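Undergrad: Protein chains in written order, with numbering that gives the first Met the number 0: chain A, 0 to 282; chain G, 0 to 308; chain U, 0 to 120.
Just so you know, these hints were derived from the structure itself, not from any lab.
Please read these numbers as outputs of a predicted model, since none were measured by experiment.
Possibly wrong hints are sitting among the right ones.
Stretch-level coverage of chain G by chain A, calculated; a stretch enters the list once three of its residues show a Cβ under 8 Å from a Cβ in chain A [said to hold, decoys possible]: (1) 67-73; (2) 99-108.
Far from chain G by the CB rule (all over 12 Å, computed), these chain A residues [said to hold, decoys possible]: (3) Glu40; (4) Gly130; (5) Val175; (6) Glu177; (7) Asp183; (8) Asp198; (9) Leu199; (10) Ser270.
Using N, Cα and C, we set each Cβ at its ideal position, and we do this for glycine too.
Here are the chains, one letter per residue:
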Amino acid sequence: MINVAVASGKGGTGKTMVATSLAWTACSEGLEVHYVDCDVEEPNGHIFLKPELESRRQVTSPVPEVDESSCIHCGRCGEICRFSAIVSLGNSVITFPGLCHGCGGCSLVCPVGAITEKGREIGLLESGTAGGIGFTRGTLNIGEVRSPALIREVRSSVRPAGLVIVDSPPGTSCPVVEAVGGADYVVLVTEPTPFGLSDLALAREMVETLGIPYGIVLNRSDICEDGASRIPDREKVGILAEIPFDRGIAETCSSGGIVSKAMPGYREVFSELLAGIMRECEE
Amino acid sequence: MRGMKQLAVLSGKGGTGKTSLVGAFAALAGKSVLADCDVDAADLHLITDPVVRERGEFSGGSRAEIDPELCTACGRCQEVCRFRAVESGPSEDTAAGVRFRVNPIACEGCGVCSWFCGSSAARLHPVVNGTWFRSDTRWGPMVHARLGIAEECSGKLVSLIREKAREAASELGIPLVLIDGSPGTGCPVIASMTGVDLVLLVSEPTLSGLHDLARVSDLAGHFGTRAVVCINRWDINPDITGEIERECRERSLPLAGRIRFDRAVVEAQVAGITVVEYGSTGAAEDIRQVWERTTGYLGFGGRSAGEAG
Amino acid sequence: MKVAVSAKEPALDSPVDSRFGRCPYYVIVETDDMSFESRENPGAGEGSGAGIRAGKLMSDLSVEYVLTGNCGPNAYRTLTAAGIRVIVGCEGTVAEVAGRLASGELTDAEGPNVDSHFGME
Numbered sequence: 000m001i002n003v004a005v006a007s008g009k010g011g012t013g014k015t016m017v018a019t020s021l022a023w024t025a026c027s028e029g030l031e032v033h034y035v036d037c038d039v040e041e042p043n044g045h046i047f048l049k050p051e052l053e054s055r056r057q058v059t060s061p062v063p064e065v066d067e068s069s070c071i072h073c074g075r076c077g078e079i080c081r082f083s084a085i086v087s088l089g090n091s092v093i094t095f096p097g098l099c100h101g102c103g104g105c106s107l108v109c110p111v112g113a114i115t116e117k118g119r120e121i122g123l124l125e126s127g128t129a130g131g132i133g134f135t136r137g138t139l140n141i142g143e144v145r146s147p148a149l150i151r152e153v154r155s156s157v158r159p160a161g162l163v164i165v166d167s168p169p170g171t172s173c174p175v176v177e178a179v180g181g182a183d184y185v186v187l188v189t190e191p192t193p194f195g196l197s198d199l200a201l202a203r204e205m206v207e208t209l210g211i212p213y214g215i216v217l218n219r220s221d222i223c224e225d226g227a228s229r230i231p232d233r234e235k236v237g238i239l240a241e242i243p244f245d246r247g248i249a250e251t252c253s254s255g256g257i258v259s260k261a262m263p264g265y266r267e268v269f270s271e272l273l274a275g276i277m278r279e280c281e282e
Numbered sequence: 000m001r002g003m004k005q006l007a008v009l010s011g012k013g014g015t016g017k018t019s020l021v022g023a024f025a026a027l028a029g030k031s032v033l034a035d036c037d038v039d040a041a042d043l044h045l046i047t048d049p050v051v052r053e054r055g056e057f058s059g060g061s062r063a064e065i066d067p068e069l070c071t072a073c074g075r076c077q078e079v080c081r082f083r084a085v086e087s088g089p090s091e092d093t094a095a096g097v098r099f100r101v102n103p104i105a106c107e108g109c110g111v112c113s114w115f116c117g118s119s120a121a122r123l124h125p126v127v128n129g130t131w132f133r134s135d136t137r138w139g140p141m142v143h144a145r146l147g148i149a150e151e152c153s154g155k156l157v158s159l160i161r162e163k164a165r166e167a168a169s170e171l172g173i174p175l176v177l178i179d180g181s182p183g184t185g186c187p188v189i190a191s192m193t194g195v196d197l198v199l200l201v202s203e204p205t206l207s208g209l210h211d212l213a214r215v216s217d218l219a220g221h222f223g224t225r226a227v228v229c230i231n232r233w234d235i236n237p238d239i240t241g242e243i244e245r246e247c248r249e250r251s252l253p254l255a256g257r258i259r260f261d262r263a264v265v266e267a268q269v270a271g272i273t274v275v276e277y278g279s280t281g282a283a284e285d286i287r288q289v290w291e292r293t294t295g296y297l298g299f300g301g302r303s304a305g306e307a308g
Numbered sequence: 000m001k002v003a004v005s006a007k008e009p010a011l012d013s014p015v016d017s018r019f020g021r022c023p024y025y026v027i028v029e030t031d032d033m034s035f036e037s038r039e040n041p042g043a044g045e046g047s048g049a050g051i052r053a054g055k056l057m058s059d060l061s062v063e064y065v066l067t068g069n070c071g072p073n074a075y076r077t078l079t080a081a082g083i084r085v086i087v088g089c090e091g092t093v094a095e096v097a098g099r100l101a102s103g104e105l106t107d108a109e110g111p112n113v114d115s116h117f118g119m120e
């Protein structure tokens, strides 16, 4: 199995465009490929891949439930909790499930076993296929904040076989780390604007901190003069592909078209990009 | 502070143009406090030329560390850790030949390992996750921050920025706070929108944009926050623009306007200034109109700074 | 009555601090004789959970009333679970608002009066 994560510092640079195009290209070249949408706050992959979903289930995060009749009001559960998710007051214990990280400390520490854990729904996990491409996505429930927990579950539900393409959330903080962590290779998609390059630097730092090899795809490469030359240390890391700004791409994506499929002129770009990535992974 | 209005610019989907818009609004408003709440990938400073006046460290949580000199290698920490953050491996330096170590990236700072450690080797330490800045721009103070790489607690850092922005507005008697939000619907976005007077949702005319707009407007509704919508680069797909506007009407979301695709937006960014300072036609003109409508809904001021003279 | 007031300074003539979870001090007044003690707010610099922790402190101190400006939903829930009565919208000095309570001028809050910040106040 090869696990490739597609990420970016800045949102809107074309992660999903690249991830779905790569998935389609890989499939059309006869590879076993599975696309995983880990942008659980705003999943978009289904708009392009149009999967038939075969299974769905709610993912839960454990939260404490206190049996008041057994509780001896020792207060230890409140003491161990770092997140104020369980509070021991004079003669009652209250919980704030939204703040709970699911560490299990309160139930471990209760001397009378009055605390059990029940699952609190945080989001949906769905999977199916999109014309030969395996498809899995997570969708965080509105108002929920535990996206890393959902992303972890989404990733571990995918059978480790073939080429797994993980479409990550934008940014560099913990949800992204959860999506990208453990990948064999990361493709960082960026644009050569000041915002894009600033966020690329952060994304590179993140991937380097995680110790994962990576390459860069420069999207809308010509909207700034000398786009590629603005990327620092570009000799150290490969620029895997440069895709010029093309209003046609914008229009195709806007209506949910997969670029490598709907625009034959770009098939070779994605085929070469895929080959380049596979080569890097073999090393 | 009475009469102060807070506007949060959000989008759900990334890359819709929030930061460019917030910069332009600052220029049009003439005087405001800027709050860059996109702490994960902050960009507003690139077009607002802030001069840092004050900075501080932000500690949003804790992390566990295991002192190898006290560790007896009993492995209890690893047993109780829910987050697989305790790693063990062979070591020549320890009596047991095994060394236990906390992976700082996986550690959530729950402290359970520390509680159950029999030799006080595992301990929690507060962690500096980032730095906040209070700076001056040509329109007033700007509060922004840099979150450490791979850090948690971005929501808390956003809350800190919001609080400092409110303080600055109060201190200086500035009646407007403009908030640049991050993409998504998670904790930093929630922290960006709570207690604001209005949310401006920036959409793009794509199916993704339509989908994400629905989610972020549900989020705003969930918290009872008023929202209006504008569509950026609308001419890339007029059909979907129409769909978005229909969807907005169905959801009773007022429309603040449409902004056309214009290369000047990137050119202004490269020049390090806002779109409305770079030029006055094209997208700049559309942004001006969006601003007029938005301030109308916000119940703020009225005239754009540039128009008065 | 034992009353806690969110305050800017540890004194009876301190102005009330409107933020229950993030104020720097609590001045705990015994309205029978206006004796008082002050406590630093341990969670003043915290992000989430500040209001809950403050509520817990009030419970540990066996406070009967909390007088403050703004109280968010998590703090409100913690205080009411602890059987503490909450009064919001208080302005003036600690002594003034404690006095108003003692003379029966103030009414209990019906609920939290500021938005949910998801644990952040």
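Undergrad: Look at each hint and say if it fits the structure.
TA: Checked hints:
no.	hint	verdict
1	67-73	violated (count 0)
2	99-108	holds (count 3)
3	Glu40	violated, 4 Å
4	Gly130	holds, 18 Å
5	Val175	violated, 8 Å
6	Glu177	violated, 9 Å
7	Asp183	holds, 18 Å
8	Asp198	violated, 4 Å
9	Leu199	violated, 10 Å
10	Ser270	holds, 24 Å
Checked against the numbered hints listed earlier, the structure breaks hints 1, 3, 5, 6, 8, 9; every other hint is satisfied.
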